[in-house]
Amino acid sequence: MKKLQLTLLATAIIGLSGCLDDGDDGAQGVRGQTGPQGESGLNSLIRQTQLAVGNANCPNGGVQIDSGLDTDGDGSLADSEVNETSYACQPGVTSVNSSELLTNLNNPWFVEAQQEIAEARTTWLQATSTSQTGNATTAQVTSYKTNSAAEKQALVDSLKGQAKNVILFVGDGMGVSTITSARILDGQMAGKDGEEHQLSFDKFPFAGLAKTYNVDAQTPDSAGTMTAMMSGLKTDVGVIGVDEDIVRGDCSTVTGNELATALELAELQGKSTGIISTARITHATPAATYAKSADRNWEDVSDMPTAAVDAGCKDIADQLVNFEAYLESRVADSDVDGIEVVFGGGRRHFLPRDAAFNSPDAVSSVEGDRTDNRDLTAEWMAQYPAGQYVYDQAGFDAINTETVERVFGLFNESHMQYEADRGNDIAGEPSIAEMTATAINILDNNEDGFFLMVESGRIDHAHHAGSAYGALTDTIALAEAVDVADKMTDDSDTLIIVTADHGHVFTIAGYPKRGNPILGKVVSVGSEEPATDADGMPYTTLGYTNGLGYRNLGDMVFDADASYAAAPDAGRKDLTDVNTESPGFHQESLVPLTSETHSGEDIGIFAKGPGAFLVTGTNEQNMVFHIMNFAGDLNK
Amino acid sequence: MKNKIVLSLILTFLLLCTIASKGLAEESQCSGAVTVASYKIYQPRLDKTEILELYRNKNTVAHYYPKNQITELYELNKAGQVKLTKYFNDHKRGIEYQPNDKLNNIRNLDWAQKYKLMGKNFLDNASQQIKQTNDCGDVIAYSITQDHNTFVATIDTAKDILTAFEITDEKGNLLEKWELQSTELATDSSVFLSQLNTYQTTDYADIGDDHTDPFLTKMVNLGFIEKSSSGFYHMDDKQQLHAVGEHSH
Ligand SMILES: [Zn+2]
Numbered sequence: 000m001k002k003l004q005l006t007l008l009a010t011a012i013i014g015l016s017g018c019l020d021d022g023d024d025g026a027q028g029v030r031g032q033t034g035p036q037g038e039s040g041l042n043s044l045i046r047q048t049q050l051a052v053g054n055a056n057c058p059n060g061g062v063q064i065d066s067g068l069d070t071d072g073d074g075s076l077a078d079s080e081v082n083e084t085s086y087a088c089q090p091g092v093t094s095v096n097s098s099e100l101l102t103n104l105n106n107p108w109f110v111e112a113q114q115e116i117a118e119a120r121t122t123w124l125q126a127t128s129t130s131q132t133g134n135a136t137t138a139q140v141t142s143y144k145t146n147s148a149a150e151k152q153a154l155v156d157s158l159k160g161q162a163k164n165v166i167l168f169v170g171d172g173m174g175v176s177t178i179t180s181a182r183i184l185d186g187q188m189a190g191k192d193g194e195e196h197q198l199s200f201d202k203f204p205f206a207g208l209a210k211t212y213n214v215d216a217q218t219p220d221s222a223g224t225m226t227a228m229m230s231g232l233k234t235d236v237g238v239i240g241v242d243e244d245i246v247r248g249d250c251s252t253v254t255g256n257e258l259a260t261a262l263e264l265a266e267l268q269g270k271s272t273g274i275i276s277t278a279r280i281t282h283a284t285p286a287a288t289y290a291k292s293a294d295r296n297w298e299d300v301s302d303m304p305t306a307a308v309d310a311g312c313k314d315i316a317d318q319l320v321n322f323e324a325y326l327e328s329r330v331a332d333s334d335v336d337g338i339e340v341v342f343g344g345g346r347r348h349f350l351p352r353d354a355a356f357n358s359p360d361a362v363s364s365v366e367g368d369r370t371d372n373r374d375l376t377a378e379w380m381a382q383y384p385a386g387q388y389v390y391d392q393a394g395f396d397a398i399n400t401e402t403v404e405r406v407f408g409l410f411n412e413s414h415m416q417y418e419a420d421r422g423n424d425i426a427g428e429p430s431i432a433e434m435t436a437t438a439i440n441i442l443d444n445n446e447d448g449f450f451l452m453v454e455s456g457r458i459d460h461a462h463h464a465g466s467a468y469g470a471l472t473d474t475i476a477l478a479e480a481v482d483v484a485d486k487m488t489d490d491s492d493t494l495i496i497v498t499a500d501h502g503h504v505f506t507i508a509g510y511p512k513r514g515n516p517i518l519g520k521v522v523s524v525g526s527e528e529p530a531t532d533a534d535g536m537p538y539t540t541l542g543y544t545n546g547l548g549y550r551n552l553g554d555m556v557f558d559a560d561a562s563y564a565a566a567p568d569a570g571r572k573d574l575t576d577v578n579t580e581s582p583g584f585h586q587e588s589l590v591p592l593t594s595e596t597h598s599g600e601d602i603g604i605f606a607k608g609p610g611a612f613l614v615t616g617t618n619e620q621n622m623v624f625h626i627m628n629f630a631g632d633l634n635k
Numbered sequence: 000m001k002n003k004i005v006l007s008l009i010l011t012f013l014l015l016c017t018i019a020s021k022g023l024a025e026e027s028q029c030s031g032a033v034t035v036a037s038y039k040i041y042q043p044r045l046d047k048t049e050i051l052e053l054y055r056n057k058n059t060v061a062h063y064y065p066k067n068q069i070t071e072l073y074e075l076n077k078a079g080q081v082k083l084t085k086y087f088n089d090h091k092r093g094i095e096y097q098p099n100d101k102l103n104n105i106r107n108l109d110w111a112q113k114y115k116l117m118g119k120n121f122l123d124n125a126s127q128q129i130k131q132t133n134d135c136g137d138v139i140a141y142s143i144t145q146d147h148n149t150f151v152a153t154i155d156t157a158k159d160i161l162t163a164f165e166i167t168d169e170k171g172n173l174l175e176k177w178e179l180q181s182t183e184l185a186t187d188s189s190v191f192l193s194q195l196n197t198y199q200t201t202d203y204a205d206i207g208d209d210h211t212d213p214f215l216t217k218m219v220n221l222g223f224i225e226k227s228s229s230g231f232y233h234m235d236d237k238q239q240l241h242a243v244g245e246h247s248h
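Chains as they are written, first to last, in numbering that gives the first Met the number 0: chain A, 0 to 635; chain B, 0 to 248.
Derived by calculation from the structure, the hints in this document are not laboratory data. Be careful, since some hints might not be right.
[To be verified] To spell it out: a stretch of chain B is covered by chain A in this simulated footprint if at least three of its residues, at any positions, have a beta carbon under 8 Å from a beta carbon of chain A; those stretches are:
1) 66-79
2) 92-100
3) 194-204
4) 208-215
Quick caveat, the model's predicted, so the values are computed rather than measured. Using N, Cα and C, we set each Cβ at its ideal position, and we do this for glycine too.
This is chain A alone, in the form it adopts within the complex:
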């Protein structure tokens, strides 16, 4: 590499002298006898021509030197006047190494990728070396040899449990196309082309794929997929923390089919635990960390059939507030201290259906939904007198993370705001990054470590509504939270996994040129005008296979709930005069449905920290639990 650059430099210097030179004057004739007057002396001339690399006479380049007499006396050496040609080839290279001539080697993409390979190898060696096999930085371990079963077990044990802390980030509905386009949008907002940009977890050293199907569904939902990730096995769509022997909606089938979760195992080990969601904290994804329910919709008692209530099944909100007691009743001789950090939305499921219990920032005239007249926020405060219940930004900001024993934050009546709307909340809501930072500051007060699950729950909702803008801005907010967590923790004792539960039917299509606005219309390579389809109409890069379809709410200044609730409007629209980059633009869809759907393709798993090296290849999604379990040695 360096050699080639030197060679080129030398060539360039030689090239400077490669112009046409006057030769020295010819020597005067020897004085002879006086005779007839001799002819005048002729000038001899030399001509130098620079030769490019690959020249037949000088394979590495060089200079061709032609010499002769200026017979016509015009001061320059014509081809016919040349009587001798010699070559001064580039020194030092006597034979051509073909690899040195490949343009790849001099290409920055190539060089950077080569460097990445070197780093990846070092990372892998570090990740799989153990304290027993020596200094991680010098480890050359590519395989382990053991002489007995006992030795092998000891080795496995030494690799196990190196993660004191485990943080699982879940982007609900954050499929691969969502990550790609969010990365491009984030890069473009920073003034770059975008494609080359990296979100925080794009930089993680390990990644793999997960197959997301549920036991009874090709395209899954959050309940079945999060149960797989938290409990280590696949189950049916729509059920929380129970195995596939469940009958959805049938309370009587719950008993005996309840599953333990990674959060519960961490709790049983005396670690601190936390859950964060930008959706309702009783929504499927966070619920799968703590609840067992025959139906994801049983968020509070009013959502349950009377038969289920009478049969003794508990609603999900109740299972969160009484998590400690329920876990202790399921695990003999256990004594746990309950979840330390709960941040999310969904106050309605914790309050009675009575305006007297409204929070100061209620959006409904009666905020609570519960029909059993229980105020679960009051029950939580009675249970944990040293804990702090907060419901707005001011309360959140006032949390002293070093002294508080535990916190319960419910920042919205229903889901928390989309990141794009967050400024509109009445009492203010913390961002997902702020919640993550505060949670880690509280959880890391426990020297035995912690387990934290953080869900960005509204990427999914924005996609269902057909709004790429909403999905991408929430994905970027999640990436910021991951960055915060990564910076606040140590790679040597904290495993961070970033993944999704499932994808959406969201595509990046056409042949837009490099740096083309990701929310814009396709402009082809070498063009300045939008490309057109067979009907002569421009089209966007981003689109959906199904859903509501085209909406352009971006420039509407008046209330238009009729448009909002309008029937699906699928198919092509003339977008010539439409600003598709505005927040109110909703991408076109092919199949008309009131709500866009999940997709069935694989999703990505990104990881760093102890045990992260286990994230490779294409896996069943329930493997996520086993990676966390191995790295954290949660069920020892």
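Let chain A serve as the given structure and place chain B with the ligand on it in line with the hints.
Just chain B with the ligand now, kept in the frame of chain A:
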């Protein structure tokens, strides 16, 4: 934090006292705002007649369309936001929309337009003419002529109710007419509103995640049933009069 709450409680109390004393003074002769009303909305060119029933208390208004069995419930919260829940009465189900959901264009719903049936900007910009003076308040005609059409809304301020609304073109042809038919209905406002409160509701954001609920599945596959496209005129920031039901492309 605590101080803030105490302060706002005091302010709320003072405000309530003011309203109460004012209310008391008027109560002797005046009945105050009506809580139920029904309108016949007629569009002669389309030969279309629609019934709208209005149920309201201070911070809650329901617009009920008996023909389609749809109710739109609007709730005004302390921050001045208006929250919409759309009920499908014969299914006893509702869909809730979060206020200020910009992505879905739920923002700055106009409370006057829901409560008085005429938008704030319309009322602010219309010329006013007192038609009748009563002890408890006046009957005022608000009118605007725009794009060759004339819009006239008549409001009984004592009862805080729209009593008539007409749109005519420049030749005087009637385009649309609202008639207040009754301010006494079979169902009391509080009964109607509390009945709605017992119906199961689902967040608009959540309908995509449910594949087992027959009602939601039907909605996802077939789309929402539209309410009537008539009426609900108000003025936007550009001082253009719009029918709220119309599509703006
Ligand atoms: Zn979903």
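Here is what the structure says about each hint:
1. Remark: the segment 66-79 of chain B is confirmed as covered by chain A, as 5 of its residues place a Cβ nearer than 8 Å to a Cβ of that chain, reaching the required three.
2. Here the segment 92-100 of chain B counts 7 residues with a CB under 8 Å from a CB of chain A, which clears the bar of 3, and the coverage holds.
3. By the rule of at least three residues with a Cβ nearer than 8 Å to a Cβ of chain A, the coverage given for the segment 194-204 of chain B holds, with 5 such residues.
4. Given as covered by chain A, the segment 208-215 of chain B passes the check, having 5 residues with a CB less than 8 Å from a CB of that chain where 3 are the minimum.
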